[in-house]
Each structure stands twice: as C-alpha cells, then as structure tokens.
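Listed here are the chains, written in short residue letters.
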Amino acid sequence: GDSVTQTEGLVTLTEGLPVMLNCTYQTIYSNPFLFWYVQHLNESPRLLLKSFTDNKRTEHQGFHATLHKSSSSFHLQKSSAQLSDSALYYCALSPDSNYQLIWGSGTKLIIKP
Amino acid sequence: GALVYQYPRRTICKSGTSMRMECQAVGFQATSVAWYRQSPQKTFELIALSTVNSAIKYEQNFTQEKFPISHPNLSFSSMTVLNAYLEDRGLYLCGARAQVNYAEQFFGPGTRLTVL
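Chains as they are written, first to last, in my numbering: chain A, 8 to 120; chain B, 8 to 123.
Please note that the accuracy of each hint is not assured.
[Stated by the list, open to error] Just the calculated beta-carbon pair ranges, DEER-fashion: (1) A:Glu66 <-> B:Leu123: 19 to 29 Å; (2) B:Ile19 <-> A:Gln68: 28 to 38 Å; (3) A:Glu22 <-> B:Asn90: 20 to 30 Å; (4) B:Gly23 <-> A:Asn29: 24 to 34 Å; (5) A:Gln84 <-> B:Pro116: 34 to 44 Å; (6) B:Ala62 <-> A:Ser77: 29 to 39 Å; (7) B:Asn90 <-> A:Gln84: 27 to 37 Å; (8) A:Glu66 <-> B:Ser25: 22 to 32 Å.
Hints listed in this document are in silico derivations from the structure and should not be mistaken for laboratory results. Every residue gets a Cβ at the ideal spot worked out from N, C-alpha and C, and that includes glycine.
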C-alpha cells in the first residue's frame with residue numbers, strides 16, 4: 008500500500024549548520040503529490056512545501072525540497088538552521104489528487120545554540 | 008484567502024461521555040472534508056473522508072457508530088466522539104479541499120480533546 012517513511016525520529020543540530028530531513032515514499036500512482044508540514048508545540052500542522060513535479064526544486068521560508076520520482080524521495084533541506092526551526096516536521100503523500108494525506112511518522116528537529 | 012476554523016480549540020470530557028467538534032470553511036467551498044486524529048506522540052491518522060454528494064468513507068479502526076460525521080453543506084462539517092475514553096484523546100484536525108481533484112488541503116487549528 009501507499010506509505011511514507013521518515014527514518015529519523017529526532018534530529019539535533021547546532022544553529023547555523025545545514026538541515027536535511029529524509030522522506031521516501033511508496034505508491035503505485037505515477038503522479039503523487041508530496042508535502043512537508045511543520046508543527047510547532049501545541050499548534051496544528053502548517054504547510055511548508057509541496058510538489059508534484061519531478062526534479063523541480065521547490066522553496067519556501069529558506070527550506071527547499073526536490074521531488075525525485077526515480078528514488079521516490081522528497082528530502083527537506085535548509086542551508087543554515089535557526090533556533091526557530093525547532094519543531095516537528097511531517098512528510099505527507101497524496102498518491103493522487105483525489106486521495107487524502109498519508110502522513111509519515113514525523114521528525115522532531117531540535118536546534119541548539 | 009482560504010481559512011478553516013475549528014471549534015472548540017480545546018475540550019475536556021469525562022470518560023464515557025460524548026463530545027462534538029465543528030469545522031467551518033471560509034473563503035472557499037469545501038467539497039471534501041477529512042477528519043484526522045493525532046494521538047499523543049504519534050502521527051496523524053485519517054478517521055474519515057466526507058465528500059459532498061457521496062457517502063462518508065471511514066478508515067479501518069474508525070466507525071460511524073463511534074465518530075458520526077455530518078457534512079450538511081459546502082462550508083460546514085461536524086464530528087462527534089461518542090463514548091470517549093482515554094485512547095480517544097489527542098488533536099483532531101479538519102482538512103478541507105476546495106475541489107475534488109485538488110490535492111492540497113487547508114487545515115483548521117484543531118480541537119484538542121482531553122479525556123478524564
């Protein structure tokens with residue numbers, strides 16, 4: 008079935024270092040939609056990035072990700088971490104535009120001074 | 008812009024009682040509304056999907072008898088947690104889509120349910 012895998016449950020980084028959170032997915036559909044959501048403490052998830060175009064980089068608020076259908080990946084990256092980036096990050100898949108979201112298990116990102 | 012409101016934001020109920028939560032779409036017509044639950048320390052699970060002019064589709068482990076949903080028009084949906092117990096606690100999210108063939112959902116702030 009369709010699934011999303013986020014291998015890191017917790018990532019701890021020092022401020023200023025680059026961020027990379029992994030996301031891979033499985034689906035039989037050839038045109039999936041991939042999303043990154045960020046959830047701060049006691050808040051609901053907020054859309055950070057989305058993509059459905061193969062090999063096209065999408066950017067928002069300093070974060071970027073590229074959907075690679077060949078490797079079924081949509082890794083989240085940022086060149087320099089900030090303290091305010093500390094949050095839960097969820098990768099989510101919509102296998103087809105008619106489908107609901109399938110969520111990854113989430114990665115908790117902690118940025119230390 | 009498209010906004011989704013949820014009410015109440017937080018609620019506490021006694022074990023065995025029921026609790027109703029609401030979802031309101033503003034600025035667009037919510038042709039489909041999905042209800043999700045995030046249990047403590049867990050990811051989001053889809054409870055059910057409600058699409059206008061179609062039957063409400065519940066995911067495995069969730070039933071209409073436990074989580075009845077109403078979607079009477081294109082701007083409003085409600086869900087009740089019947090006979091709530093400790094395992095029902097968590098953040099309940101409403102995700103609304105403006106068009107049937109449109110992947111992005113707009114989320115409300117969620118209703119956080121505590122069961123005593």
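Evaluation of the provided hints:
Here the CB-CB span from glutamate 66 of chain A to leucine 123 of chain B is close to 45 Å, at odds with the stated 19 to 29 Å. At roughly 35 Å, the beta carbons of isoleucine 19 of chain B and glutamine 68 of chain A sit within the given window of 28 to 38 Å. Against the hinted window of 20 to 30 Å, the Cβ-Cβ separation of glutamate 22 of chain A and asparagine 90 of chain B comes to about 47 Å, which falls outside the hint. Distance hint check for glycine 23 of chain B and asparagine 29 of chain A: the Cβ-Cβ separation is about 42 Å, which falls outside the suggested range of 24 to 34 Å.
The given range of 34 to 44 Å is broken by glutamine 84 of chain A and proline 116 of chain B, whose C-beta atoms sit roughly 28 Å from each other. Under the hint 29 to 39 Å, the C-beta atoms of alanine 62 of chain B and serine 77 of chain A, about 38 Å apart, fit the expected range. Between asparagine 90 of chain B and glutamine 84 of chain A, the C-beta spacing of about 45 Å breaks the proposed range 27 to 37 Å. For glutamate 66 of chain A and serine 25 of chain B, the hinted distance range of 22 to 32 Å is not satisfied, since their beta carbons lie about 45 Å from each other.
Checked against the numbered hints given earlier, this structure breaks hints 1, 3, 4, 5, 7 and 8; the rest are met.
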